[in-house]
Amino acid sequence: MNVIVCNELTKTFGSTRAVNNLSFTLAQEGITGLIGRNGAGKTTLLKIIAGYLLPSTGSIQVFAENPFNSVKVSANMIFIDDNMAMPELMYLTDILESAGRFYANWDHKLAMGLFEYFNLQPKQYHSKLSKGMRSTFNMIVGLAARCPLTIFDEPTTGMDVAVRKDFYRALLKDFMQHPRSIILSSHLLNELNDILSDILLIKDGAKYLHLPVDELSEYAVGLQGKEDIIAEMTRITEVFYRKKLGKDSLYIAVRNQYTKEELQKARLKGLEISSVPIDDLCVYLTAKHEGGIDDVFDRN
Amino acid sequence: MLNTDSLKPIYVQIAEWLEMEILNGNIQSDEKMYSQYQLSDMFNINPATAAKGLNILADENLLYKKRGLGMFVSSHAREAIRSKRINQNIKQLALELVAEAGRLDVDEEQLIEIIRTANLQLRKEKSQ
Chain B
1 MNVIVCNELT KTFGSTRAVN NLSFTLAQEG ITGLIGRNGA GKTTLLKIIA
51 GYLLPSTGSI QVFAENPFNS VKVSANMIFI DDNMAMPELM YLTDILESAG
101 RFYANWDHKL AMGLFEYFNL QPKQYHSKLS KGMRSTFNMI VGLAARCPLT
151 IFDEPTTGMD VAVRKDFYRA LLKDFMQHPR SIILSSHLLN ELNDILSDIL
201 LIKDGAKYLH LPVDELSEYA VGLQGKEDII AEMTRITEVF YRKKLGKDSL
251 YIAVRNQYTK EELQKARLKG LEISSVPIDD LCVYLTAKHE GGIDDVFDRN
Chain Z
1 MLNTDSLKPI YVQIAEWLEM EILNGNIQSD EKMYSQYQLS DMFNINPATA
51 AKGLNILADE NLLYKKRGLG MFVSSHAREA IRSKRINQNI KQLALELVAE
101 AGRLDVDEEQ LIEIIRTANL QLRKEKSQ
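From first to last, the protein sequence lines are chains B and Z.
Just so you know, the working numbering puts the end of the first sequence at 300, numbered straight through with nothing missing.
Just so you know, the working numbering puts the end of the second sequence at 128, numbered straight through with nothing missing.
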């Protein structure tokens with residue numbers, strides 16, 4: 001059974017199309033990265049999946065049901081972001097205990113283990129936590145709930161590097177023991193792409209691509225060298241990014257449609273061939289200008 | 001351990017690391033190979049990626065499956081990996097070496113001399 005099926009989903013706010021004719025299917029357990037620029041429509045999409053918002057047009061099915069007003073979806077899904085409303089007058093540990101009553105798979109041992117590991121104070125109020133500590137606490141709730149569909153909307157806001165690394169590892173370990181569907185939106189793709197199984201890249205509210213991470217890492221290739229040699233190589237392929245280096249050299253990121261032999265030949269002609277890190281690739285793919293920010297300065 | 005900047009995808013790097021484990025005798029013939037979950041835990045990668053790495057070796061018959069028990073190293077694996085690497089890596093490196101030498105106007109004689117010196121140096125270091 002498919003976990004999520006979106007069909008030509010559109011959500012408009014006034015004249016803005018936050019989600020634009022988006023279709024995708026999440027078929028099985030895995031950790032999916034939802035990637036897009038600021039304002040690309042990530043949060044809106046996640047809120048529609050969670051059943052917090054109704055789409056303007058199109059259809060969505062979560063666990064084969066419309067998530068809006070669905071008890072089944074609410075009971076089997078948890079949505080974690082930094083605006084989570086927590087009771088003002090409850091201590092953190094009390095919140096964890098109450099949260100356990102809402103979720104059938106709640107693992108209190110895991111929750112308390114993480115709570116102590118991250119040095120959270122039991123007699124503390126949620127509203128008094130620092131940004132990083134609040135994100136950490138919310139993340140603990142998200143992991144311990146063990147919902148078949150777990151959604152993290154920018155879970156690492158404010159966390160320091162050490163906590164983020166611990167979080168990624170905790171997520172992976174818990175996922176291995178209890179495979180489920182986890183969707184993670186984040187801007188820190190380079191930190192987490194190893195633990196992802198697939199990436200859903202959205203641009204201006206529309207799906208740009210949805211691929212297993214392995215395929216995405218081979219999607220593009222970086223070429224650096226003399227302009228004329230590069231021009232020969234790029235006659236048929238799509239160029240995602242172009243940057244001039246020195247007098248007559250170029251660095252470009254292109255769609256990798258070359259055979260091993262072609263790349264080998266190019267290397268012998270003096271081209272430097274490199275992989276394009278997935279986070280850079282996603283920036284190039286979602287950019288509106290081929291030259292990036294340099295375009296603004298070069299115009300003057 | 002893993003090089004995220006490399007042109008090689010993570011699952012290929014995993015496959016190569018597994019080959020090294022067989023090559024240097026850490027895992028012998030008919031011994032059990034790491035499971036996808038062990039690899040996932042070791043390298044902090046998604047289990048699907050780890051499985052893809054294992055499958056590369058399985059597809060080349062370097063590993064064989066025992067139903068319900070996991071993957072095991074084939075008896076000919078070590079030799080097969082050795083000859084594959086000679087055919088691919090060494091020849092590849094040689095090609096790049098010759099190309100760089102060409103760009104720097106190093107002739108064949110000089111190049112062979114450089115290789116001999118490197119070989120001697122390594123042998124000396126090993127014997128120490």
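Careful: at least some of the hints might be erroneous.
Here chain B is said to cover these stretches of chain Z; the calculated rule only asks that three of the stretch's residues, wherever they fall, bring their Cβ under 8 angstroms from a Cβ of chain B [claimed, not checked]: (1) 8-19; (2) 33-46; (3) 61-68.
Quick partial rundown of chain B residues pointing at chain Z, CB under 7 angstroms, derived from the structure [as the list claims (entries may be wrong)]: (4) Asn7; (5) Asp174; (6) Gln177; (7) Asp194; (8) Leu209; (9) Leu211; (10) Leu271.
Beyond 12 angstroms from chain Z on every Cβ pair, some chain B residues (computed) [as the list claims (entries may be wrong)]: (11) Asn21; (12) Glu29; (13) Ser59; (14) Lys165; (15) Tyr168; (16) Asp198; (17) Ser217; (18) Glu218; (19) Lys269; (20) Gly270.
Honestly, the hints are just simulated from the structure, not real lab data.
C-beta atoms are modelled at their ideal positions from N, C-alpha and C, and glycine is treated no differently.
Next on the checklist: Are any of the numbered hints broken by this structure? If so, which, sorted upward?
Outcome noted: Structure breaks hints 3, 4, 5, 6, 8, 9, 10, 12, 14, 15, 16, 17, 18, 19 and 20.
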